[in-house]
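Asker: Protein chains in written order, with the numbering used here: chain A, 46 to 365; chain U, 46 to 365.
No lab work stands behind these hints: they were computed from the structure.
Hints should not be assumed to be uniformly reliable.
For identical chains, the list gives no copy identity; a pair is met inside one copy or between any two copies.
Once the Cα atoms are required to be at most 27 Å apart in a straight line, the calculated DSSO-like pairs of lysine-lysine come out as [claimed, not checked]:
| no. | residue 1 | residue 2 |
| --- | --- | --- |
| 1 | Lys-308 | Lys-343 |
| 2 | Lys-80 | Lys-354 |
| 3 | Lys-323 | Lys-304 |
| 4 | Lys-306 | Lys-340 |
| 5 | Lys-360 | Lys-323 |
| 6 | Lys-261 | Lys-306 |
| 7 | Lys-80 | Lys-253 |
| 8 | Lys-80 | Lys-343 |
| 9 | Lys-310 | Lys-259 |
| 10 | Lys-354 | Lys-310 |
| 11 | Lys-53 | Lys-340 |
| 12 | Lys-340 | Lys-80 |
| 13 | Lys-53 | Lys-343 |
| 14 | Lys-304 | Lys-354 |
| 15 | Lys-360 | Lys-310 |
2 protein chains.
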Amino acid sequence: MEELELLKERILNSDKRAVSRAISIIENGNSVSEKLLNSLYSNIGKAYRIGVTGPPGAGKSTLTNQMTKFYREQGLKVGIIAVDPTSPFTGGALLGDRVRMNQVSNDDGVFIRSMATRGSLGGLSNKTVDAADLLDAANFDIIIFETVGVGQSELDIANAADTTLVTLVPESGDSVQAMKAGLMEIGDIFVMNKSDRPGADAAVMSLKTILTMKEKKSTDWETPIVQTVANTGEGIENLISKIDEHREFLKSQNLFEEKRKEKLKTRIKEIVALLLAKEVWNNEREALLDNELNKALKGEESPYTIANKILSNYKQLLTV
Amino acid sequence: MEELELLKERILNSDKRAVSRAISIIENGNSVSEKLLNSLYSNIGKAYRIGVTGPPGAGKSTLTNQMTKFYREQGLKVGIIAVDPTSPFTGGALLGDRVRMNQVSNDDGVFIRSMATRGSLGGLSNKTVDAADLLDAANFDIIIFETVGVGQSELDIANAADTTLVTLVPESGDSVQAMKAGLMEIGDIFVMNKSDRPGADAAVMSLKTILTMKEKKSTDWETPIVQTVANTGEGIENLISKIDEHREFLKSQNLFEEKRKEKLKTRIKEIVALLLAKEVWNNEREALLDNELNKALKGEESPYTIANKILSNYKQLLTV
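Isolated chain A, as found in the complex:
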């Protein structure tokens, strides 16, 4: 417990190694992590949280790097959480991320961490937000959630961020695909990256057309499209100022608190679900399930019947 107190102090003093250790504790998900987060909770809420999403190949990593450089020049500290649907082929952080980490790891004002989503059904968003809370307590000013691929991460990230960027490239039909993929509704700002490619202006035009289809009131946020060339840094300054505008918009409309409240609500519901799952799925009920599965496979019982049996078993034991 004294050790926990020490770790807490080091985090509050912006010690990157302490943050790193604390995120590992969160990833392991034992009872210490809950205590640590509870003790730090009064110190969070200051950091601004940005989500960077978009289809694979849109240049999200390069964009994140350029934004980080820009914020660093303003003297702001940046924490990056790369949400990574780990593949068993690579067994952890991807090569590209390792290279990137080496590039900036000497800068005390930047913290980068890949968090694996593998097997964390329902728990991804929760643990990445826990990690962001730690970085917040450690006085990082900007926290960027970067999604590495597909998977449920896109929507989770949108739920964790104050401002969500959707990154696209001027390939023909990319915006239509993004609309199909449900990215249109989560974007507060659209980034047309690789805008030095042919067809960029046409792509922006068609994206604009799609965005006009969105029903909205005159007081709603006017979703901007920012053109960038992340490789050269072109357009990054404009992008950052649009993020600032969105932040000011949220504050001026009293939406900032409201949005955070909504996100917190979702998060608490997720935590309740995780705690319940832990309680229900003890060895005894895992064995009960294994036993019933054979009946289901023979068509004797439906999955719903079995689920209700397990629930009754859980509730009966509670009343004893």
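Following the hints, complete the assembly by docking chain U onto the known chain A.
Answerer: Same frame as chain A, but now just chain U:
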């Protein structure tokens, strides 16, 4: 209840309109749907389930259409469930799907349904599998789950299918992106679609290289790469025969039952989670949460503390 009996009979007689109505009942998720599924459960298990995944723009819809044509020529009935992260921009099924539906809706042996995933946190996989079970009971031989975009659907679909296809196109780096996106681990068969494009052979080579990185035993399934041009139908016959091979492989290794058992287990756990969430989040505890949220926003209480309070409240009331 008599009406339910009638609906059941019509489903067992392969009545498409009855199936359609039953899926709407499932989507609404009331108690009738559970009764219906329970009553049909002894009639399912015959259909073969294929998942079609891949990044946006890879041609998944065209591929699904061509496979459907092929199966129809063999006299097999095909049910297609398009898992659609519905956008508020379009408010439902996408235009492309509507066009497609009109094309085949005159064929009694084909059933197509878009299922929206919007707001169905954790429930997507469950409802699409319920719909597949209905189609199975209605004597459809092949059920194809087609993902429309990103979102958690990819992994859910892999969990619902017997054979999962990952569709790629020969764009430079597409396979690396797919690996990053976690698609590599869910593919039983890889489809290099649009293989008439330049660079297709090189893309297949690099995909092969990536696949050799996968650790496996000599008895494991040898993941094939099939080249197709879905627009013209080229390679579809070969693809179907690879699906057959995979099916035979699963059966010969006794993996078929084992895989279905594993999937059923995941599904029952999801149902338990959904039932518990329904019980916990009654009006009283929603109000309790709203009340506590303000404390969390002020930093007075952590999300974990609140989650535990709500859980205690739920369990206390159970013991009364």
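Asker: For Lys-360 vs Lys-323, is the C-alpha pair at or below 27 Å within one copy, between two copies, both, or neither?
Answerer: both (14 Å within a copy, 14 Å between copies)
Asker: Please work out whether the CA atoms of Lys-306 and Lys-340 approach to 27 Å or closer within one copy, between two copies, in both situations, or in neither?
Answerer: So Lys-306 and Lys-340 pass the 27 Å test across copies only (11 Å; inside, 44 Å).
Asker: Using 27 Å as the alpha carbon limit, work out where Lys-261 and Lys-306 are close: within a copy, between copies, both or neither.
Answerer: within (22 Å within a copy, 47 Å between copies)
Asker: Under a CA distance limit of 27 Å, which applies to Lys-310 and Lys-259: within one copy, between copies, both, or neither?
Answerer: So Lys-310 and Lys-259 pass the 27 Å test inside one copy only (26 Å; across, 40 Å).
Asker: Give the relationship of Lys-80 and Lys-253 under a CA distance limit of 27 Å: within one copy only, between copies only, both, or neither.
Answerer: neither (47 Å within a copy, 47 Å between copies)
Asker: First find the shortest C-alpha distance between Lys-304 and Lys-354 inside one copy, then the shortest across copies, and answer within, between, both or neither for a cut-off of 27 Å.
Answerer: Only across copies: Lys-304 and Lys-354 sit 23 Å apart there, 38 Å inside one copy, limit 27 Å.
Asker: Is it within a copy, between copies, both, or neither that the alpha carbon of Lys-360 lies no farther than 27 Å from that of Lys-310?
Answerer: both (25 Å within a copy, 20 Å between copies)
Asker: Cα distance capped at 27 Å. Does Lys-53 pair with Lys-343 within a copy, between copies, both, or neither?
Answerer: between (54 Å within a copy, 19 Å between copies)
Asker: Using 27 Å as the alpha-carbon threshold, which applies to Lys-53 and Lys-340: within, between, both, or neither?
Answerer: Answer is between; shortest inter-copy Cα gap is 21 Å, intra-copy 51 Å.
Asker: Within a copy, between copies, both or neither: which one fits Lys-340 and Lys-80 at a CA-CA cutoff of 27 Å?
Answerer: between (42 Å within a copy, 18 Å between copies)
Asker: Within, between, both or neither: how does the pair Lys-323, Lys-304 come out at a Cα-Cα threshold of 27 Å?
Answerer: between (29 Å within a copy, 24 Å between copies)
Asker: At most 27 Å between alpha carbons: which applies to Lys-354 and Lys-310, within, between, both or neither?
Answerer: The answer is between: 14 Å across copies meets 27 Å, while 30 Å in one copy does not.
The structure fails to meet hint 7 from the earlier list, while all remaining hints are met.
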